Amino acid sequence: MKQNALSIETQNLTRVYRRGSEEIIAVNSISLTINKGDFVSIIGPSGSGKTTLINLLGCLDNPTSGKLVLGGRPIFGNSAKLSEHDLTKIRRETFGYIFQNFYLIPTLTVRENVMLPLTFYCKPGAQKNVDDSLQLLGMEHRKFHLPGQISGGEMQRVAIARAMVNMPEILLADEPTGNLDTKRSSEIIRILQDLSKQKGLTVIMVTHNLELAAHADRTIEMKDGLINTSINQDAVTAKSD
Amino acid sequence: MITNFQIAYKNLLRKRIRSFLTIIGIALSSWVLVSLLGFNQGYEKALNKDVDNMGFQMMIMAKGCPYEAATLMLKGGTGLKYMQESIMKDIAKEPDVEKITPILMSAVFDPNKGESGGIAAYFGVEAKSYNEMKPFLKFRQGGWFVDENAFEVVMGFEAAELEQREVGDMILMPEKNVKFKVVGILNRTGTQDDGTIFAPLKTLQKIFNRPDEITTIGIKVKKGVDSSRLEDKLYKLPDIQIVSLQQVKDTIMKLISTAKIMVLSIAIIAILIAMVGVVNTILTSVWERMQEIGILKTIGAMPLDIFKLIWTETIILCTVGGILGVIFALILARVTDILIRTVLPYAPGGSLVLIDTKLVLITLGAIIFIGLLSGIYPAWRAGRIRPLEAIRGEVGK
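As you go down the protein sequences, you meet chains A and B in turn.
At position 136 of the first sequence the residue is numbered 135 (numbering that gives the first Met the number 0), and the sequence of numbers has no breaks.
At position 397 of the second sequence the residue is numbered 396 (numbering that gives the first Met the number 0), and the sequence of numbers has no breaks.
Isolated chain A (complex conformation):
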């Protein structure tokens, strides 16, 4: 399985939600660059805007203003505004998504869940990744089980295998360990780390757990929709200790 990583660049990226007459600035004019092959964690308290940011970076949400450039290609900003159809194409060609709640299809077996993205879009050579991914994530022996028959940690491994099957360039993980115990969380983080190091994949992970964030190459701390520029990775590692 060989991945081609992509860089991400944002300029003044802003997302404002409206609730009645009230305006909530979830992400406030964020400018950042994530280099290809980076393993970046985004931390911050609840409501700080970290999930909104990762959704914007993953083209799941549209910014209210600002620019988003993926591997040199403008996605949002200036005159660039892609249609939902084009965004879907970018999503399936570029990203792999992992969620806190796994979102596996309960009626499909582990193997079928992993091969599900290939039903809609299949990169050349992606077929063989189904069993390779399962093997890589230590789930081959469970491939004919239904999601309801495996543990939470195993479900998240399956979700990672599903995210990896179409050889994405960027892996986005929103609280991937939120529903797991410490041991399983460490396992998942180690897997993400390996994917970043060994396959050169760009990994962006949202977490509220400093200990897990410390495994990343770089950490972005968010508060009230803004990035705390003062934090560096050494500080995160120190805090987690």
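Calculated directly from the structure, the hints in this document are not laboratory data.
From a predicted model like this one, the values you see are computed outputs, not experimental measurements.
A hint or two may mislead.
Quick look at which bits of chain A chain B covers, simulated, 3 or more residues with Cβ under 8 Å [as the list claims (entries may be wrong)]:
no.	segment
1	109-122
2	167-174
3	208-218
Calculated lysine-lysine pairs in the DSBU-like style (CA-CA distance at most 30 Å, straight line) [said to hold, decoys possible]:
no.	chain 1	residue 1	chain 2	residue 2
4	B	K307	A	K80
5	B	K357	A	K88
6	B	K307	A	K127
7	B	K48	A	K127
8	A	K122	B	K14
9	A	K142	B	K48
10	A	K142	B	K357
11	B	K48	B	K307
Where is the CB? At the ideal position from N, CA and C, for every residue including glycine.
Chain A is fixed; fit chain B onto it per the hints.
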């Protein structure tokens, strides 16, 4: 690779009872539709067979109500009108007439028939001309009577079964207390002849005190002859009416059309209910799986992919329901036949519900087409779901 069909099929298994009930709803409408269409073509075919098996294309009767005449000829009955036998000579002179046969219909009340008695139909016929008119009549036992004045009868298949008579047995005509010898029993024809007892014309004229009188003249027209032209000529004869068999068919089909419209309305209502059921089932399923659909879009499904997935579910439901309905219709065709007979003013012999391959394919096609129509809205709604809103559970809020 996992296919759309596999995903859709497995999803339908998730809510088995709901899917099952929806399928039953579709199956019931499919059953009604197949039975109705089967009745439409079966009734006409059975009626044609009944009329064609009469052996003649035209009947001449004493002047009266044409509906009564038609029913009388097909079903037998009372309130008979008579005409002179001599009229046959004038008819036979017509060059367009190929064959001609006289019939004296008569009916007697048989107290031993059924639980509370019933009508026994006796036809006085000339064996030679009647046989020429209906060469397809075959004998199970014996043959036609030879002497036109003999007290002998030929029994239709069902009449013989009912009376439990064999050739050589005697049979008593109720009311008249006259004994006949059974000389022949016909094979089953699936027509009115099965329940009829045939006696020599002259004998019956004597018994019923109708010398030289008959009720009906059957006419076989020469091939290629314009029968309406012949009718015009025959109408010059006094006090007769002509019933062409096409006219009989048309009259009966008119009577039956009301029943057909009623059944068709029921079928349409059943189909509409099934359609609403399909829309409801699929739409509920879409709302319940909102997050899953969001995830499918996140991992690469285009709106059209989701549309096709949801549509596939509808197609599976409708195809299975449609096939099940056809199976119901085939298995229960006999029951449907009996039920229809109870409500119709006149039902010909043979099967009234005729289900063939073409009909099955048309019905399945119609059911699947209706299912596809029903699936458009839920599939379209599902295709429009935005992934992030679906994952957050914000759709519809």
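We went through each hint and held it up to the structure:
1. With 9 residues having a beta carbon nearer than 8 Å to a beta carbon of chain B, the segment 109-122 of chain A meets the requirement of three or more and the stated coverage holds.
2. By the rule of at least three residues with a Cβ nearer than 8 Å to a Cβ of chain B, the coverage given for the segment 167-174 of chain A is violated, with 0 such residues.
3. A stretch counts as covered by a chain when three or more of its residues have a beta carbon under 8 Å from one of that chain; for the segment 208-218 of chain A and chain B the count is 0, and the coverage is violated.
4. As the CA atoms of K307 (chain B) and K80 (chain A) are separated by approximately 27 Å, the hinted pair is consistent with the 30 Å bound.
5. Among the hinted pairs, K357 (chain B) with K88 (chain A) is inconsistent with the structure: their alpha-carbon atoms are about 45 Å apart, more than 30 Å.
6. With a CA separation close to 26 Å, the supplied pair K307 (chain B) and K127 (chain A) stays within the 30 Å bound.
7. This hinted pair does not check out: K48 (chain B) and K127 (chain A) have alpha carbons roughly 66 Å apart, beyond 30 Å.
8. With a C-alpha separation of about 33 Å, the suggested pair K122 (chain A) and K14 (chain B) falls outside the 30 Å cut-off, and the hint is violated.
9. Taking the CA atoms of K142 (chain A) and K48 (chain B), the gap is near 64 Å; set against the 30 Å cutoff, the hint is violated.
10. Taking the CA atoms of K142 (chain A) and K357 (chain B), the gap is about 45 Å. The hint is violated against a cut of 30 Å.
11. Only pairs whose Cα atoms come within 30 Å are accepted, and K48 (chain B) paired with K307 (chain B) is rejected, the gap being roughly 48 Å.
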